[in-house]
Amino acid sequence: MRAVCGRLIALTLLFGLLVLGAAAARAGSFEDALAGFTTDSFSDTAEAVEAVATTGSPLAAPLLEALRESRLIFSAKDKKVFIKTRDGELLDAATTNPVSDAPPDDLETVRINNRLRNLIDAALGSLTLMAPDANRRFDAAQAVFKSRDAGSLPALDKALAAETNPRVKKAMQEARAAIVLNSSDASEADKIAAIAVARERGDQDALALLQGLPANVPMEVHKAARAASERIQNDLARWNAVQNAWYGLSLGSVLLLAAIGLAITFGVMGVINMAHGEMVMLGAYTTFVVQEVIRQNYPGLFDLSLAAAIPLAFLVSGAVGILIERTVIQFLYGRPLETLLATWGLSLILQQAVRATFGPTNKEVGNPSWMSGAFDLGGITITYNRLWIICFTLVVFAALLAMLRFTRLGLEMRAVTQNRTMAAAMGIRTARIDALTFGLGSGIAGIAGVALSQIDNVSPNLGQGYIIDSFMVVVFGGVGNLWGTLVGAFTLGIANKFLEPYAGAVLAKIAILVLIILFIQKRPRGMFALKGRAVEA
Amino acid sequence: MHKQLGAVAQRPHARRWLAAAAVSLALGFASASPATAQETIKVGILHSLSGTMAISETTLKDVMLMLIDEQNKKGGVLGKKLEAVVVDPASNWPLFAEKARELISKDKVAVVFGCWTSVSRKSVLPVFKELDSILFYPVQYEGEESERNVFYTGAAPNQQAIPAVDYLMSKDGGEVKRWVLEGTDYVYPRTTNKVLEAYLKQKGVKDEDIMINYTPFGFSDWQTEVSKIKKFGSEGKKTAVVSTINGDANVPFYKELANQGVKATDIPVVAFSVGAEELAKHDTKPLVGHLAAWNYFQSIKAPVNASFIKSWHEFIKNQKRTTNDPMEAHFIGFNMWVKAVEKAKSTDPDKVIAALPGIEAPNLTGGTSKMLANHHITKPVYIGEIRGDGQFDVVWKTKDLVPGDAWSDYLPGSKDLEADWVELKCGNYNTVTKRCGG
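Going line by line, the protein sequences match chains W and C.
Per this note's numbering, residue 535 is the first one in the first sequence, and the count goes up by one each step.
Per this note's numbering, residue 5 is the first one in the second sequence, and the count goes up by one each step.
There could be a bad hint or two in this list.
Cut-off 30 Å, straight-line C-alpha distance, at most; resulting in silico cross-link-like pairs (DSS-like, lysine-lysine) [stated by the list, open to error]:
#1 C:LYS181 x W:LYS680
#2 W:LYS611 x C:LYS175
#3 C:LYS210 x W:LYS680
The hints are simulated quantities; they were obtained by calculation from the structure and are not laboratory data.
Take the sequences, apply the hints, and build the full model.
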């Protein structure tokens, strides 16, 4: 019994020694691999990344992550590598112990380039397949899918067997399919199964995978791949049309937003307001000022800056609009040519005033976090900023329509624009209503500026880019008709985006202009002409 | 006025006073004017200080003032002080020609440093030829030009576009096989893309692997373009975008790339007109890894660069102002002009033009650039990757300085042409027909 015990103890000790020895050997090679990071050469760093990844050391993943995030520091003199934690603490990369004594004075960040980033992603992919966090496992699977590195297959199979999260599991199966399809020694049945997985994924990457199949595959596999890629192509073509329609809606909403204020000043009041674009620009600058104030005083509320900017932009642009109406335009009613020239001059004055106040350079208006990024809906990508702008435009449109229909001011506006003398005879102060209507149109242009600041450059020239488009939409839709403006904007937006992939951005724009000119020849009053007594001859 | 003068002249005392004043004035002018003309050499600065180009060109005016100031502290040129004459052509191309004429005939400047856009350069060319003066042009351009009166210190396509493509084709650049040439619709991108397309085809890239797109100035709706790039790039071959997108259209372009999740590791974008100044104000996190090709980056470590940045910050009194490639071009061009004037011992344009080819001057990256017979200079080419802080990390550079080539070797119309103002005295000598004139 004792002898057995003794033998057992000896065995355990021996085993322990072996493990220790192996660990020491591993640690040694890990430390050796680190030397490659100290030479400031991309090819040495690349070799070091591969060497570190193959040691399988638990320290490898945090080290590579630090490298990817430019937190890996080296000293060329001492040939030592350090990791800087996200809190700025310096750790010895070989042991991950904090550095107690003073670090060397020639510290420099290990530089990386795109090739290295791809290498790191691939290496991290196979290292983090078993990470406790599901999102990291998902990223790892994606990285393996991209790298198609056959060396990751054993790790992937192990991870796949242990995986419980369905989303991560699917990504891992796709990664496995990519490796299998890319390797030459996988069995026929395996490959056909992999083709089914790729078909299930059904996106451009899967298509590329199927089309890039090695030439020497068996006939059956080849046939299956061709059938699958044809079906994916059909799906993609359908999604492509949906995507174009979405882009068209998005462009249409921007056009509508820019034109809707003009639909009131030009469409309803008949004032050719060339300074309309500058009202948009003022709204954008208001957003900039609001964001600056919030950034300096209440940085935590930055995501709400747009909500604060909307009413302010309305007030600023609206007030400037009323001022312009009272000082210039009211003397020019019924004289379109003078109005055109006077407002053109005003637009130049406003631009120069803004340039003098804020400087000629573009101002940066930040995107709140809820307006950045995108999500996939089926086969199309929807960016949040465009989605919110479409919703916002429709809300503004509905609010304006409701205002004109259900409020007293709206009623008086319609009365004055339809028959000025009769409205005056009924006791409406027409001059006041003119000013308010013009202010309303300008204020809405200001709101448009808030939205446009999210997708365009905020510069003194911002308005000039939209003035032509706005007139185009209003004239095309039918002067004096808000619904016409809505339909006009979306028609032009969608037509433009369906033409753009074939004709290119420049030709698409020209084609749209030509189409409008032809259309106006046929129907001079636009799509939805106002009928009845209101229309002046 | 006439009446009053007449009344004054009628009184004898007053007449004497008037005569005395006139004589002393005349004497004063006579003694003062030749003296000032001898004391200073006038240097014209022709950069837009208002309008759309003011963002970029105002900096160049400032850097010229700094260089002139420094030269004056060193004692000027030929024992005379330099005097800057600044005019504002207001981003208005015809006004460039007018202001150039004013500088040369009215202010009698010895040399002009100026222009940014190619169209402004084309607009002043006839003026410089007619009045026989010298223009130093500091911006990267499309090539296909060499004039006797113009010295091009910016990059020709073979000093920027072609090395950038070479880098992307190399192992470090990711061995790119498919190319998107994306540009703004005007002369510089169109000519550069023509050169690039010819070059890529010569390198064996097939037609279906090259996509060329143009967008209007100030374009902001990049959704379709970016999704086109994304689709083109996910068809199995490594893809890169070569961007000649101009000015502020770049900002929504990069924003849309980030929003649609196009990463530099998948599809890198290499830009020829984006500098640290444009990026400085934006969130550069999503742009990390995208590339720019220039002959100079602020982050380049060289003693001459460090001292240049230091004196620039002192001169402009703002520690945050960045330095850029056209500023370096003016630095090189100005020093070359000073050396040429000293060599010619005169500011006479003909003598300085003859003296300039062969002149060497230090560049800011630690090397020495040389003015060539075709009026272009030798420059190193650097590829920088955007870092998290908006500066550029140099990831690649050419081994030697690259001599600027006025006429591209890859375009059918221009490959037989040669510019040589020393031997051939011609800007477009045809080596096949052996004649000057294209």
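Requested in this report: Could you grab the alpha-carbon distance between LYS210 (chain C) and LYS680 (chain W) and see if it respects the 30 Å cut-off?
Outcome: Given that 30 Å is the threshold and the Cα spacing comes to 24 Å, the pair holds.
Query raised in the report: Is it true that the CA of LYS181 (chain C) sits at most 30 Å from the CA of LYS680 (chain W)?
Result: holds (17 Å)
Report task. Given the hint that LYS611 (chain W) pairs with LYS175 (chain C), test it: the Cα-Cα distance must not exceed 30 Å. Result -> holds (29 Å)
Every hint from the earlier list agrees with this structure, and none is contradicted.
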